[in-house]
Amino acid sequence: MTEATIPAQFSPPDAATAAPPPASGAPGAPGAPGSPAAPAAESRLAGIGRGLGRWAAALGAALVVFTVLLLAKGANPFTVYADVWTSTFTNTPSIEQIFVKAAPLLLGALAVVVPARAGLVNVGGEGQIVIGAVAAGGIALAFDDKLGGGLVVVLMVVAAMAAGAAWAGLAALLRLTVGINEAVSTLLMNYIALDILLYLIYSPWKDPDGTGQPTSAELADPAKLPYLGMSAVHVGFVFALIATAVVFVLLRYTTWGFRLRVIGGNPEAARRAGLPVALLLLSAMLVGGALAGLAGMVHFAGVEYKLRTGITTNFGYIAFLASWLARHNPLSVVVAALALAAITVAGDSLQLDAGLPAATVNILMGLVLIAVLGWTARRKSGGNAR
Amino acid sequence: MSSLAVDVLSGAVVGGTAIMFAGLGETVSERAGVINLGTEGCMLGGALAAYAATATSGSPWVGVLAGIGAGAALAAVHAVLVVARKANQFAAGLTVMFFALGLTSLFGAAYVGRQINSLDPWDVPGLSSIPWVGEILFTHDPLTYLSFFVAPAVWWLLYRSRVGLLVRTAGEHSEVLLVHGYSTSTVRYASVIAGGGLCGLGGAHLSIAYSNAWFENMTVGRGFIAVALVIFATWNPLRVMAGSYLFGAALALSPALQARGYGINQFALDAIPFVVTILVLAVLGKRTLLAAPDELRRVFETRTA
Numbered sequence: 001m002t003e004a005t006i007p008a009q010f011s012p013p014d015a016a017t018a019a020p021p022p023a024s025g026a027p028g029a030p031g032a033p034g035s036p037a038a039p040a041a042e043s044r045l046a047g048i049g050r051g052l053g054r055w056a057a058a059l060g061a062a063l064v065v066f067t068v069l070l071l072a073k074g075a076n077p078f079t080v081y082a083d084v085w086t087s088t089f090t091n092t093p094s095i096e097q098i099f100v101k102a103a104p105l106l107l108g109a110l111a112v113v114v115p116a117r118a119g120l121v122n123v124g125g126e127g128q129i130v131i132g133a134v135a136a137g138g139i140a141l142a143f144d145d146k147l148g149g150g151l152v153v154v155l156m157v158v159a160a161m162a163a164g165a166a167w168a169g170l171a172a173l174l175r176l177t178v179g180i181n182e183a184v185s186t187l188l189m190n191y192i193a194l195d196i197l198l199y200l201i202y203s204p205w206k207d208p209d210g211t212g213q214p215t216s217a218e219l220a221d222p223a224k225l226p227y228l229g230m231s232a233v234h235v236g237f238v239f240a241l242i243a244t245a246v247v248f249v250l251l252r253y254t255t256w257g258f259r260l261r262v263i264g265g266n267p268e269a270a271r272r273a274g275l276p277v278a279l280l281l282l283s284a285m286l287v288g289g290a291l292a293g294l295a296g297m298v299h300f301a302g303v304e305y306k307l308r309t310g311i312t313t314n315f316g317y318i319a320f321l322a323s324w325l326a327r328h329n330p331l332s333v334v335v336a337a338l339a340l341a342a343i344t345v346a347g348d349s350l351q352l353d354a355g356l357p358a359a360t361v362n363i364l365m366g367l368v369l370i371a372v373l374g375w376t377a378r379r380k381s382g383g384n385a386r
Numbered sequence: 001m002s003s004l005a006v007d008v009l010s011g012a013v014v015g016g017t018a019i020m021f022a023g024l025g026e027t028v029s030e031r032a033g034v035i036n037l038g039t040e041g042c043m044l045g046g047a048l049a050a051y052a053a054t055a056t057s058g059s060p061w062v063g064v065l066a067g068i069g070a071g072a073a074l075a076a077v078h079a080v081l082v083v084a085r086k087a088n089q090f091a092a093g094l095t096v097m098f099f100a101l102g103l104t105s106l107f108g109a110a111y112v113g114r115q116i117n118s119l120d121p122w123d124v125p126g127l128s129s130i131p132w133v134g135e136i137l138f139t140h141d142p143l144t145y146l147s148f149f150v151a152p153a154v155w156w157l158l159y160r161s162r163v164g165l166l167v168r169t170a171g172e173h174s175e176v177l178l179v180h181g182y183s184t185s186t187v188r189y190a191s192v193i194a195g196g197g198l199c200g201l202g203g204a205h206l207s208i209a210y211s212n213a214w215f216e217n218m219t220v221g222r223g224f225i226a227v228a229l230v231i232f233a234t235w236n237p238l239r240v241m242a243g244s245y246l247f248g249a250a251l252a253l254s255p256a257l258q259a260r261g262y263g264i265n266q267f268a269l270d271a272i273p274f275v276v277t278i279l280v281l282a283v284l285g286k287r288t289l290l291a292a293p294d295e296l297r298r299v300f301e302t303r304t305a
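Going down the list, the protein sequences come from chains A and B.
Everything in the first sequence is counted per UniProt numbering, starting at 1 for the first residue and increasing by one.
Everything in the second sequence is counted per UniProt numbering, starting at 1 for the first residue and increasing by one.
This is chain B alone, in the form it adopts within the complex:
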């Protein structure tokens, strides 16, 4: 039984990593007052760019950079529509999602089935031999280890640095930025694009570290899960980290059970994270709403027209 727990938890850590990167990116973006439903698209773009760059250059680290760049570029489209053109954020995000879906299927067709030099799991010497904990935390690929540092770093940036203060002000009281001589647009551009870069990194993890393959629409909803996760985590990077493991565990549970011969319908399990998110939101209720950045709340309540 213990090995089932280890399997599921280990799977949760590695499977939740892509969702965590995307969720952290979405957190940065939403903290600045912009919701990006194009997260799914940014992840797809990142996944393909990382895969293609790795295949071409032979170095997965070039792939990682390409993935970040592609995610940031797609988020930039969203930023232009939303910040400069004041388009509706939900519609603009979905547009970016479809745009990226199309782009990646057009340019990705050539990479289906290609072999790459992927980011292989690397056991951390010493730490990986700790019983249980070692196997759960320290037998993964380098990007997963990176995520252990990125989540606290994003938290520190948002809550303890000057840059983070600007980002959060853009999301809470943009007029204050104006009074102090900053441009809300610039801050939002930067936040949305940086957030897109993180989503791209999440996509890169999927294609060159987790699946080691590229196929059309390979993110299958992980970007939307990330959007849900951010709300679930009340816009807090550390809770995003914890939440991504919860979602990762739900994804890892059914294969682990099936491997042990339990006849279980995985779709009942797949629905759990979403049901849990709704229940948490319902229980937290108004507290969640209060935790939302003010300007973001205004986006939700924007009259559609």
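Chain A with its partners taken away, still in its complex shape:
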């Protein structure tokens, strides 16, 4: 299967080599984006400095445009900023919310990072998160009144990760067997996942004692994810940090991670070197899907407790963008996820304090990304000839 099917995915070698600057061409090449193999310590410091400068400039430019738009709308931007700042960053519940929202975003972003290392584009985080939440919800309905809380949590984690992995793995199999591009199939499968969720909560899993809203019955208290200390942040964020560390180590220090990078750089070369390309691509996608599935579980058992329509609120897509902001670096992803989570929380403040629709913050998110994507490209001088 390996030998016969791979060439169909990767058109002739010249197309592969003409592709933009191989992230991986030479592992550790200075400036190779996303390549964690760092050169000397001082140039890494310089890199961090440049990175911070880039972020500051991007945020600044985005804020300027956002200010103009607020003025155009007739709102006083300075009052708006002051209010949003006060209610987002100076009170504990809001700061806790940022960490709560960051947990699924971080896991969802890692679900993009791992396949990206092998050159795969996973746009299906949204669907994989939904399927993870559905699997966790199914376990909850079946067992949360029969088994102990801790055991249910473990079962939910396992089921959600398996479901997410299966959902993403299906996309990988479609690519490896019949040649459907994974960016396309994962995107389509997002909608199928959503329809599965809606189907379940509108009929078979609908809470018979509910208020008539299409939701599943609430998760039993012992199976809800516990909070950290006295805070309102549930342990999902810790799960996400552990996952980040594991992904970092796997990608950087294991043969598997190295091989993924080789495939991401030049699949044809990897194939000729005798790497099991199909198996590695599949594994990258499975790991990614499992991480997204975990994101769904964490959001379900830590925040929502019920399956409902709109449970993910675009987390998968925001996570995709977080991964791009961090240029698929598993450590920078933490910062990107927290930043986008903060923007999301600021949206709620915007609605409460300034009376503007919460979705308005998507403008700010879009502007930041436009600025960052523009900047990223300029640094890749000359590459990417298409």
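Note that these hints are calculated values from the structure, not bench results.
Some hints here could point you the wrong way.
[Said to hold, decoys possible] Among chain B residues calculated to face chain A with C-beta under 7 Å, some are:
#, residue
1, 95
2, 101
3, 102
4, 106
5, 265
Glycine is no exception: its CB is placed at the ideal position from the N, C-alpha and C atoms.
Based on the hints, put chain B in the right spot on chain A.
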């Protein structure tokens, strides 16, 4: 039973129109080698601009033009990021989608619940009285009639005109353009922006002809459906037309069945178009891949970094 078929097919035609316009726009863009996941955003922008302009000016046709303009403007952002800045096309498209979602909720709040002078259905004299066919095809709003001409026109433009040749060359072998003294960037800018205009027109159809209302995120995934549709239709405008009616029929089927008292879970039906798309892609397999413009295929296979 016949009236069920007529209901569904008629609903498919009018419900598929917005998806068709967006799909045609996406086809033009992808034929030039640029995939635009911001289609959803361009449709939203078009829907709001059309609604707002109609409310302000009183003329739905001004609204149509505004919708086209807004879709084109948002696509221009994508074009700058992708063509000039060489950003990743998937990331740039999603960025535009979120940007438009934010913009339309900020500026759209004032228009929720406003009454407008919408584009009302107009029965084509004579043709609309043909049994079945008349009701299915000729009892709709003017933009739906327009779509009957736009799809073949886009096909003609792409395959029979000089402009279309340039667009397709940009998508297949951009270096050939260079050799002949054309600028690939210019061709791509034009294609992406024109495609965005068509997406905006699709959005305009939603707000001022189909729903006659504006509400936040009113496209609910139609832009992504359009992206899927283009692949389903193997980048051919006429197949996009046929495919949009298929998707439209799937959307129209469950309300039609429910109206007749069949207890059916609409979400099972909603998933059909997506499952069918994947199945078609699986069956066509490599043929689909071969039908993709070369430079677009390169985008899909681009190493992420």
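Consistency of the hints with the structure:
1. 95: Hint on residue 95(B): holds, closest Cβ of chain A at ~4 Å, below 7 Å.
2. 101: This interface hint holds because 5 Å falls under the 7 Å limit.
3. 102: Since the shortest Cβ distance to chain A is 3 Å, the answer is holds.
4. 106: holds (4 Å)
5. 265: holds (5 Å)
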